[in-house]
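J.: Below are the chains, spelled out letter by letter.
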Amino acid sequence: MYRSILAEWQKAKGSMALWLAVLGTVFNVLLFAGVALVRYPGGLNWSDYLAIHYQGISTMMLPLFVIILCSLVHDLEHRQGHWELLRTSPVSPAALYMGKWIFMLQLFVFAHLMFVVGLLGTGFALGWLVDGFSALRQNPDWSELLRLIGLTIASVLGILSLHHWLSLAFPRFIVPLTFGILGFVLTLLLQNGGWEYLWVLPYAAPLEYVRDWNKLPQPDWWGIYAGVWTSLAYGVIALIGGYLWFLSKW
Amino acid sequence: MQHVINTESMHFGFRKGPLIANGLNLEIPEGSVYGLIGENGAGKSTLIRLLLGLCKPQSGSVHLFGKPLNEARPLVFQRVGLVLEHPRAYPHLTVRSYLSVMATYRQLSEVRIDRALQDTQLGGVAGRKVRQLSTGQKQRLALAQAMMPEPDVYLLDEPTNGLDPAGIALVRSLLRRWHKQGKTILISSHQLSELEGLCTHFGLLHQGELVFQGSREKLTLRKQHTLSVSLSCSEPAKAADTLREQFWEVTVLPNDHLRVQIKSNSDSSRIADVLRAAEIELYEMQIQRPRLEDIFLSLTKTN
Chain A
179 MYRSILAEWQ
189 KAKGSMALWL
199 AVLGTVFNVL
209 LFAGVALVRY
219 PGGLNWSDYL
229 AIHYQGISTM
239 MLPLFVIILC
249 SLVHDLEHRQ
259 GHWELLRTSP
269 VSPAALYMGK
279 WIFMLQLFVF
289 AHLMFVVGLL
299 GTGFALGWLV
309 DGFSALRQNP
319 DWSELLRLIG
329 LTIASVLGIL
339 SLHHWLSLAF
349 PRFIVPLTFG
359 ILGFVLTLLL
369 QNGGWEYLWV
379 LPYAAPLEYV
389 RDWNKLPQPD
399 WWGIYAGVWT
409 SLAYGVIALI
419 GGYLWFLSKW
Chain B
697 MQHVINTESM
707 HFGFRKGPLI
717 ANGLNLEIPE
727 GSVYGLIGEN
737 GAGKSTLIRL
747 LLGLCKPQSG
757 SVHLFGKPLN
767 EARPLVFQRV
777 GLVLEHPRAY
787 PHLTVRSYLS
797 VMATYRQLSE
807 VRIDRALQDT
817 QLGGVAGRKV
827 RQLSTGQKQR
837 LALAQAMMPE
847 PDVYLLDEPT
857 NGLDPAGIAL
867 VRSLLRRWHK
877 QGKTILISSH
887 QLSELEGLCT
897 HFGLLHQGEL
907 VFQGSREKLT
917 LRKQHTLSVS
927 LSCSEPAKAA
937 DTLREQFWEV
947 TVLPNDHLRV
957 QIKSNSDSSR
967 IADVLRAAEI
977 ELYEMQIQRP
987 RLEDIFLSLT
997 KTN
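So the sequences go chain by chain: A and B. Basically this note's numbering = 1-based index in the first sequence + 178. Basically this note's numbering = 1-based index in the second sequence + 696.
Treat the hints as calculated values from the structure; they're not laboratory data. Any given hint might turn out to be false.
[Said to hold, decoys possible] In silico DSBU-like cross-links for lysine-lysine, where the CA-CA straight-line distance does not exceed 30 Å:
{"id": "1", "chain 1": "B", "residue 1": "LYS825", "chain 2": "B", "residue 2": "LYS752"}
{"id": "2", "chain 1": "B", "residue 1": "LYS752", "chain 2": "B", "residue 2": "LYS763"}
{"id": "3", "chain 1": "B", "residue 1": "LYS959", "chain 2": "B", "residue 2": "LYS914"}
{"id": "4", "chain 1": "B", "residue 1": "LYS763", "chain 2": "A", "residue 2": "LYS427"}
{"id": "5", "chain 1": "B", "residue 1": "LYS763", "chain 2": "A", "residue 2": "LYS191"}
{"id": "6", "chain 1": "B", "residue 1": "LYS834", "chain 2": "A", "residue 2": "LYS191"}
{"id": "7", "chain 1": "A", "residue 1": "LYS427", "chain 2": "B", "residue 2": "LYS752"}
{"id": "8", "chain 1": "B", "residue 1": "LYS876", "chain 2": "B", "residue 2": "LYS934"}
{"id": "9", "chain 1": "B", "residue 1": "LYS914", "chain 2": "B", "residue 2": "LYS876"}
{"id": "10", "chain 1": "A", "residue 1": "LYS427", "chain 2": "B", "residue 2": "LYS834"}
{"id": "11", "chain 1": "B", "residue 1": "LYS763", "chain 2": "B", "residue 2": "LYS914"}
{"id": "12", "chain 1": "A", "residue 1": "LYS191", "chain 2": "A", "residue 2": "LYS427"}
{"id": "13", "chain 1": "B", "residue 1": "LYS712", "chain 2": "A", "residue 2": "LYS427"}
{"id": "14", "chain 1": "B", "residue 1": "LYS876", "chain 2": "B", "residue 2": "LYS834"}
{"id": "15", "chain 1": "B", "residue 1": "LYS934", "chain 2": "B", "residue 2": "LYS959"}
{"id": "16", "chain 1": "B", "residue 1": "LYS763", "chain 2": "B", "residue 2": "LYS876"}
[Said to hold, decoys possible] If you anchor each label on the Cβ, the simulated ranges turn out as follows:
{"id": "17", "chain 1": "B", "residue 1": "SER757", "chain 2": "A", "residue 2": "GLN233", "range": "54 to 64 Å"}
{"id": "18", "chain 1": "A", "residue 1": "TYR375", "chain 2": "B", "residue 2": "SER705", "range": "52 to 62 Å"}
{"id": "19", "chain 1": "A", "residue 1": "PRO397", "chain 2": "B", "residue 2": "SER757", "range": "53 to 63 Å"}
{"id": "20", "chain 1": "A", "residue 1": "GLN233", "chain 2": "B", "residue 2": "GLN814", "range": "55 to 65 Å"}
{"id": "21", "chain 1": "A", "residue 1": "ARG181", "chain 2": "B", "residue 2": "ALA862", "range": "48 to 58 Å"}
{"id": "22", "chain 1": "A", "residue 1": "ARG257", "chain 2": "B", "residue 2": "GLY737", "range": "16 to 26 Å"}
Glycine included, C-beta positions come from ideal geometry on N, C-alpha and C.
Starting from the given sequences, assemble the full structure and let the hints guide the process.
T.: Encoded structure:
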């Protein structure tokens, strides 16, 4: 398993997926710092600063990022016909399958931690450099930030596993991407319509997990938006289902 | 002789395509250089995929190192080096990084990468991106990744595609070296002249069947059955009639030359004697040794 994950990181060097993770994160950090600066010229505290960033990414960036990330990582194998060489390497199907999933999760976590470091950096910089933002010279609520990081990762696990499977099954890059975008847009439409069972959809969790700032009524289980739990369930079920499918084609 | 790869009554065909294997019993002896020959579209690449489990036979079985493929993989793949028909590598990586990825999958050291680069003469482009390589260089990169694990068996699907004469010479020298080291090599090609001097064994694939399978010696015996002489003389028509009367099989060629089927080299002097007795002047006579192409064509014609 270890060498499979290591090989994925070696492949990532200079790949579209890595560029997406790095440049997408830098773009988000700068975008939401700019939004804070323009929308709150009188300044704001850390809780609001975090809200701007997390509401911003959860509305659109997170699901799309995971969908495109999965498609790009798999497209590299499909487009080069490299699956045939991997299938004839002395690596077990479990190591290949899980290695790719763990790599994509690691890449997501890496990008998200970069995002957190970026938002802290821009927050402190605004606090010291811009009049009115002096509240950002204080430390943020670290426990709130840790909770948001944990929820962010949990909320994308369903999409990650589902698109790992879809991207594996469909060699054409456009198919899982279209599937993901349609699913995401449908979820957005249902969210706007106020559908009460939105939490059952795999694309809902990243849209709604920042419940404290969300005005819609949401079911919660043990203090966490129900969609996050269904994301975990989708994560496990799609991961197992995808592996069984992968084995059947082995 | 032990067979490193063998199939038993293997059947495989595409739903709307050609029959690739029709009860195929392929036998690749240990230490052999086995030339898999067939025209374009005969199914050589698919057959190699079947041997590796990348396609599943509709019936029959594949054995690698004496074990059924399903039970043996992925462990046996530690001992197999593979070059597939179209070289595949990650285009955004450098040559060295690509080999590093493949070495990681196989737990190989950097030394193996250096050696493979040196042996395939890719050292000078080790830092170049794969997408910037020529077709021939990509083919050599595919060979480098196949040889890195120093496998016992090489499966090479059209390994000389896109190579210039120097590249082809390199492949030949690698094949000779691997053969000397006792490696087993399966090489497929539709360019038969490439294989003629290299292979110890041949398999001629035609319409899902091996119309010939065996050693080079066995093929040579078959060659002797199809020896012929080409001759030019003063009266071709009369010469043809005279020889036919003596039960020789004669073909008059468009340039008024005659082609006469013979069984051994000594038959040529007998033909000369017959013509001399008929007072026909013999200008030129040459023994024609059939090339692999001729054997292949004659075998596929009769099948």
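J.: Compare the structure with each hint and give your call.
T.: Status of each hint after checking the structure:
| no. | hint | in the structure |
| --- | --- | --- |
| 1 | B:LYS825 to B:LYS752 | violated, 35 Å |
| 2 | B:LYS752 to B:LYS763 | holds, 16 Å |
| 3 | B:LYS959 to B:LYS914 | holds, 16 Å |
| 4 | B:LYS763 to A:LYS427 | holds, 21 Å |
| 5 | B:LYS763 to A:LYS191 | violated, 38 Å |
| 6 | B:LYS834 to A:LYS191 | holds, 20 Å |
| 7 | A:LYS427 to B:LYS752 | holds, 10 Å |
| 8 | B:LYS876 to B:LYS934 | violated, 53 Å |
| 9 | B:LYS914 to B:LYS876 | holds, 21 Å |
| 10 | A:LYS427 to B:LYS834 | holds, 28 Å |
| 11 | B:LYS763 to B:LYS914 | holds, 28 Å |
| 12 | A:LYS191 to A:LYS427 | holds, 29 Å |
| 13 | B:LYS712 to A:LYS427 | holds, 21 Å |
| 14 | B:LYS876 to B:LYS834 | holds, 26 Å |
| 15 | B:LYS934 to B:LYS959 | holds, 23 Å |
| 16 | B:LYS763 to B:LYS876 | holds, 25 Å |
| 17 | B:SER757 to A:GLN233: 54 to 64 Å | holds, 60 Å |
| 18 | A:TYR375 to B:SER705: 52 to 62 Å | holds, 56 Å |
| 19 | A:PRO397 to B:SER757: 53 to 63 Å | holds, 55 Å |
| 20 | A:GLN233 to B:GLN814: 55 to 65 Å | holds, 56 Å |
| 21 | A:ARG181 to B:ALA862: 48 to 58 Å | violated, 35 Å |
| 22 | A:ARG257 to B:GLY737: 16 to 26 Å | holds, 24 Å |
In the structure shown, a violation is registered for the earlier hints numbered 1, 5, 8 and 21, in ascending order.
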